[in-house]
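S.K.: Okay, here's what each chain looks like letter by letter:
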Amino acid sequence: MKRFLVPLAVFALLVGFLAVGLTLNPREVPSPLVGKTAPAFDLPLLSQPDKRFVPADMRGKVWLLNVWASWCVSCRDEHPVLVDLSKKGVLPILGLNYKDKGDEAQRWLRQFGDPYQFSVVDADGRTGIDYGVYGVPETYLIDAEGVIRFKQIGPLTPAVLEQKLLPLAMALKK
Amino acid sequence: MTRTVILILLLFACSAGRAQESNPQTENRIRQLEEKLRCLVCLNQTLADSNAELAGDLRKQVRDQVAAGRSDGEVVAFMVQRYGDFVLYEPPFKATTALLWLGPFLLLAAGAGFLIFAVRRRRNAPQEPALLPDEKRLVYRVLGPAPPGENPDGHRQ
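Heads up: the protein sequence lines correspond to chains Y and C, in order.
Sequential numbering of the first sequence, starting at 1, is according to the numbering used here.
Sequential numbering of the second sequence, starting at 175, is according to the numbering used here.
If you're looking for bench data, these hints aren't it; they were derived computationally from the structure.
For each residue, glycine too, the CB sits at the ideal point set by N, CA and C.
Wrong hints could be hidden among the right ones.
What the hints assert, rightly or not - Under the rule of at most 25 Å between Cα atoms (straight-line distance), these lysine to any residue pairs were calculated in the SDA-like manner:
1. K151(Y) x V215(C)
2. K151(Y) x F291(C)
3. K99(Y) x A272(C)
4. K210(C) x L33(Y)
5. K210(C) x P26(Y)
As the list claims (entries may be wrong) - So the derived label-pair ranges between C-beta atoms look like this:
6. D308(C) x F17(Y): 49 to 59 Å
7. P266(C) x P39(Y): 18 to 28 Å
8. L281(C) x K101(Y): 50 to 60 Å
9. A159(Y) x G258(C): 19 to 29 Å
10. D308(C) x G16(Y): 52 to 62 Å
11. G230(C) x A40(Y): 16 to 26 Å
12. L276(C) x A40(Y): 31 to 41 Å
13. A159(Y) x T271(C): 28 to 38 Å
14. A123(Y) x P266(C): 17 to 27 Å
15. K164(Y) x L274(C): 38 to 48 Å
Said to hold, decoys possible - Example chain Y residues on the side facing chain C (calculated, C-beta under 8 Å, incomplete):
16. F17
17. P26
18. V29
19. S31
20. G35
21. A123
22. G125
23. I129
24. D130
25. G132
26. G135
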């Protein structure tokens with residue numbers, strides 16, 4: 001009997017590792033930017049191309065930066081969640097319109113509603129690279145000091161919002 | 175015929191692509207950098223191999239930065255700063271990756287240890303006692319006649 005214990009223990013260990021491995025999402029690459037200052041940029045607004053925005057303008061506020069594009073299918077899934085959130089008015093949401101065409105982006109917002117205070121245009125995706133964007137949508141929670149506190153890769157879901165993002169945002173606001 | 179035409183056109187396309195390249199040494203450097211870096215969209219492809227749009231953007235970054243005179247280390251650091259160690263095909267050796275690097279050697283050592291242990295135990299195991307003449311006779315009765323060179327009494331001739 002005893003001679004089976006060792007292989008059994010090894011087997012159980014292996015099953016344990018595999019079970020944990022199955023629940024992990026290999027597409028979710030942990031961002032090295034969480035806990036660091038949000039990279040600076042200086043980009044034109046989507047609605048008023050002659051005006052520009054820099055993240056330092058949001059100092060003192062806890063805000064969301066949502067990376068989106070009209071060509072992005074999951075952004076469409078995510079969109080109602082953002083629209084709901086913007087109606088509650090708990091957090092300012094800013095959009096980073098990523099590698100998109102201006103007129104298509106504007107039409108998209110008219111069609112599905114505009115949850116953003118405003119969106120800035122990252123036409124060539126260079127700012128996206130600074131933010132480590134590799135799949136749209138992505139969302140960053142940025143605190144009053146301009147530090148990224150949380151990053152959601154892929155669509156925001158009501159569950160993520162209620163369980164992670166909003167509690168953290170409320171704590172940061174205090 | 176059409177094949178030949180297509181082939182010739184393809185050759186032209188290749189040479190057109192080559193025309194904008196800088197010197198071969200720089201190209202080689204860029205190529206090596208691109209093979210060190212992972213495409214984050216397709217995960218198991220390098221930047222050099224990937225057709226994803228982001229990979230194209232990042233390749234352009236590598237090219238621009240090399241052209242601007244940055245060292246290989248600076249280009250890699252630029253990527254790691256934004257995308258984490260994951261962007262490297264060869265993970266760096268540090269506390270969180272020690273098991274990854276040393277694991278295979280640990281397993282090898284454990285296997286070798288087990289092998290030595292098992293062989294020693296077998297060698298030290300008591301030998302099976304030889305059959306008594308009576309037992310031997312019984313064996314031959316059941317299994318058939320004794321092979322030449324051995325008699326049923328169990329004594330060598």
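S.K.: Determine for every hint whether it applies to the structure shown.
M.R.: For each hint, the structure was consulted:
For the suggested pair K151(Y) and V215(C), the alpha carbons sit about 17 Å apart, so the restraint of at most 25 Å is met. A C-alpha spacing of about 51 Å is found between K151(Y) and F291(C), which places the hinted pair above 25 Å, so the restraint is violated. Under the criterion of a C-alpha separation no larger than 25 Å, the hint pairing K99(Y) with A272(C) is inconsistent with the structure, at around 39 Å. A C-alpha spacing of about 21 Å is found between K210(C) and L33(Y), which places the hinted pair at or below 25 Å, so the restraint holds.
Among the hinted pairs, K210(C) with P26(Y) is consistent with the structure: their alpha-carbon atoms are about 19 Å apart, no more than 25 Å. Here the CB-CB span from D308(C) to F17(Y) is close to 56 Å, well matched to the stated 49 to 59 Å. Evaluation of the 18 to 28 Å hint for P266(C) and P39(Y) yields a pass: the beta carbon distance comes to about 22 Å. Taken as a hint, the range 50 to 60 Å holds for the pair L281(C) and K101(Y), whose Cβ atoms sit roughly 53 Å apart.
At about 25 Å, the CB distance of A159(Y) to G258(C) agrees with the hint of 19 to 29 Å. With their beta carbons about 55 Å apart, D308(C) and G16(Y) fall inside the hinted range of 52 to 62 Å. Checked against the hint of 16 to 26 Å, the pair G230(C) and A40(Y) passes, with Cβ atoms roughly 24 Å apart. L276(C) and A40(Y) have their C-beta atoms about 40 Å apart, which keeps the hinted 31 to 41 Å range intact.
Separation of A159(Y) from T271(C) is about 31 Å and conforms to the stated range, judged on CB atoms against 28 to 38 Å. A C-beta distance of roughly 34 Å is found between A123(Y) and P266(C), which places it outside the suggested range of 17 to 27 Å. Under the hint 38 to 48 Å, the C-beta atoms of K164(Y) and L274(C), about 28 Å apart, miss the expected range. A least Cβ separation of about 11 Å between F17(Y) and chain C goes past the 8 Å threshold, and the interface hint is therefore violated.
With a cut of 8 Å, the hint placing P26(Y) at the interface with chain C holds, because the nearest CB-to-CB distance is about 7 Å. For V29(Y), the suggested interface contact is upheld, since its CB lies about 5 Å from the closest CB of chain C, less than 8 Å. Satisfaction of the interface hint for S31(Y) is found here, the shortest Cβ-Cβ separation to chain C being roughly 7 Å, below the 8 Å cut-off. Look at G35(Y): its Cβ only gets to about 12 Å from chain C, farther than 8 Å, so that hint breaks.
For A123(Y), the shortest C-beta to C-beta distance to chain C is roughly 12 Å, which exceeds 8 Å, and the interface hint is violated. Here the hint on G125(Y) is kept, as its CB sits about 5 Å from the closest CB of chain C, short of 8 Å. Interface hint at I129(Y): satisfied, since its Cβ lies 6 Å from the closest Cβ of chain C, which is below the 8 Å cut-off. Of the supplied interface hints, the one on D130(Y) holds, with its beta-carbon coming within about 6 Å of a beta-carbon of chain C, less than 8 Å.
Checking G132(Y) against chain C by beta carbon gives a least distance of about 4 Å; that is within 8 Å, so the hint holds. For G135(Y), the interface hint holds, since its Cβ comes within 8 Å of a Cβ in chain C; the closest pair sits about 7 Å apart.
Consistency with the previously given hints fails for numbers 2, 3, 14, 15, 16, 20, 21, ordered from lowest to highest.
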